Amino acid sequence: MIDLLLFGLIWGVSISFIAVALGTTWRVVGMLDFGLAGVYAVVAYTLLYVYERLQWPIWAAIALALLAGPVLQGAIYQLLYRRFLEKQKPLAVLVLLGLAVLYLCENAIALGFGSAGQLVLTERTPRLQFVGIDLSLIDAASIASLCGVVVVLQLLFRFTGIGLALRGTASNAVLASVFGVQLSRVRLAIFAMAGFLIAVPAVLSSLYEPMTPSGGFTPLLFGFAALVVASVRTGMGVVAHALAGIGLGLITGLSLLIVPSQWQLAIPFGVMLLVTAVRKNRPVQRSV
Amino acid sequence: MNFYLGILSYAGIYGMLAMSFTLVHGTAGMFTIAHAAFFGLGAYASAMLDKLLPPELMVLGMAFGTLFAAACAVAVAAIALRERGQYLMLVTFSVQIIFSVALLNLAFTGGDNGVGEVAPLQLGPWRVKGQIAAVLVVWALAGGMFVLLRYVERSNLGRALRAIREDEYAVEALGADVFAAKLFAFVVSAALAGFAGAVFAHYSSYINPASFSFEAAILVVTISVLGGQYSLSGALVGAVIVIWLPQLIGFIGIASEKVAAVTQLIYAAIIIAVLFLRPSGIVGESIRRFPKPPAASPKPPGVS
Amino acid sequence: MTVSATPKPPGPPDDISLIDLSKSFGGVAAVRDCTVEIAAGSVTGIVGPNGAGKSTIFNLMTGFVAPDTGKVMFRGRDLVGSSPAEIFRAGIVRSFQGVRTLTRLTVIENLLLGATAATALATAFRPHRNRSELQAAVARAWSVLAELGLEAAANRLAGDLSYAEQKLLSIGRLIMTDAPVVLLDEPLGGLDSNTIDQFIERVRDLVLSHGRTVCIVEHNLNAVRRIADRVVFMAEGTVKAVGPTAEIMQREDLARLYLGVVPEAEDAA
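Chains as they are written, first to last, in our numbering: chain G, 1 to 288; chain C, 1001 to 1304; chain Z, 2001 to 2269.
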């Protein structure tokens, strides 16, 4: 059971990163970004390519892959999403754009690398002993980086100018622009940030699991479920999204005790539907 | 020749599926990504029931598939319709995922292998034999669905739904029962998707979960966006184009293992191109004109 | 010339009584102990500085917001707890601040909605009734278009109209509903003086045709003076004064509350 909890925790850490990326993008920009799964895949394959084919040292490869995330996501914003966001297009349009980006990334990778799973590190990673629990270095790094990222983001949002601009845009974009916030810059910042947040789990998981072109999709699904479970309505919700991710990971891990693994994907969505169904809607009160 | 007729039949079936999506999204403004699930519910329900029925009663099985999809839609709507916009999309998204997972893992649906030897299409005593008959039947059904949905679109309810798409609260203030109207659109749309699924099952004689996955749901949305998201005829146009696409790609000599990836790339490019250049799609929203009625005859005196 | 479908049937009195209405949002009292009688067939202006709670009163009356305490009595029923659609069927209809035009529908379709939205679902399965209702509504809609001067734009997308035209359209929609009680929420906002004159005529028509009851929240005091029989003055969420228009408009203490200054003697309207 400890094994399952641990597995759930590590899986939950990945989901948390994605949930924070999805959640902050949604709060600030109003878009549910499926394209992040494509960026995930590109980051993973960047790591693969640079380490395996170009024979770079592992640390340099990781650094480049982590950089590729924000750069790519920022570029996608500038080239594709930007004009639709500025014109306040409806949800379906934005979601479709994200999906198109996802398809572009996945299939470009498939054409270039083939669809078979690729492994980056074939050697065993060093393991750590921590309070009687046996963790791999990568797992420990995941947990540590999530904690670090959450702290940094909280500080960023609370105490910096850009953080204030982001929060202002999240609560009322029009008002924020009246007060001098440059919306296009704020949006670029949040997309770049999301790109980085998605790059972390992409790098971490591709180090020891076989990576496929559509490998970003399942983590993204879990991220969406965590997003809904966190149900953030005000503020940026970094901690809420992170906790929801961990929670969903743990639930999924524990569910393996009772449910065969092929059903794994249904668990977070079942939880999500349950939360949605049970959550009380405020009666009658609507801003008109 | 048969091969092309077959594609035309599939185009008709996906056209029906896309038209059902037009009702719920183009007319009523609800963006759902669950349509492949309702398609699949209709397909599996009717395929499995028809194994137990004599071939003459196949229409019963198809009706069952349609109603089963509708019933599931009511259950989904109970959760989904309390939400709006993004949340609605996510709820339908999760329904689609759960459906796909269930389909793959439940023993009685055949798992990965799906359901085979589905009885071929038969309407009462008349067995639809041959590709030409199949194309005619499929497109006749599509035509029927078109007429039905057009009636709904042009009715007072259709106008109310289009208004709800723009501004729910304004329409509620004018006395419309917004929830009931949305429920109607959602359930009818799912029922029609289920019907299309039933036709699909009997036409294909073999169904498996791959046809009802999230990718299939996105395919429906692609068809609708390309052909014209606000237009029923656009749905049909989009279906014809999109279903032909993989064949065209095969034609220009792309290696067969790469066809799937190239096809999806082109879908993505199509979506982006349409959204950039002509967001309402090939066939735009049709505007219904109401001409001024001729002057009324003068009323006889004494009547107010 | 006024337009309406049927003469007003005899029935229970159409007075509206707001009794002890209160509403707080997160600790801030938007409306407190509001008690007002609105007589049937009258035009009542609701005036007061910003933040006085005027629009909240409308929201409370039409079911968009539930009050913390209080009742809204109309035709012998307490409307509190009813949905906006139910309140519409009870006979009260409202406009919104701004325009809330349905931009992707045509101008005439916007009007048709006023007459057919409430029964849309019921007529979905009855093609005959759908058609006859629609025909009647089309005929009335063209009359309303003629009155509003929007005939030429009838089959154009409503989103193409100017702001003033869209405002007129929203009044037209209310006329099409045939409701006995009409609540207008700052209908003159953003309009120039010509359009305002047109509007005042429309509002007068609304009332004179079949003795509709009209409540109008407005900042344009000249307009209020021209249309309203009685005025309710609100500030800080409570009713400060109620009375005939001329009387309320002359009270210096209220003017001070509103404007912060005693007004000069005003020109005749």
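Fair warning: there could be bad hints in the mix.
EDC-like cross-link-like pairs, simulated, lysine to aspartate or glutamate; straight-line CA separation at most 16 angstroms [claimed, not checked]:
1. Lys2240(Z) with Asp2020(Z)
2. Lys2240(Z) with Asp2253(Z)
3. Lys2071(Z) with Glu2151(Z)
4. Lys1292(C) with Glu2147(Z)
5. Lys1292(C) with Glu2151(Z)
6. Lys89(G) with Glu1056(C)
7. Lys89(G) with Asp1167(C)
8. Lys2071(Z) with Asp2015(Z)
None of these hints come from the bench; they were simulated from the model. Here the structure is a predicted model, which is why all the values come from computation and not from measurement.
Please write out, lowest number first, the hints stated earlier that are contradicted by the structure.
-> Failing hints, ascending: 3, 6.
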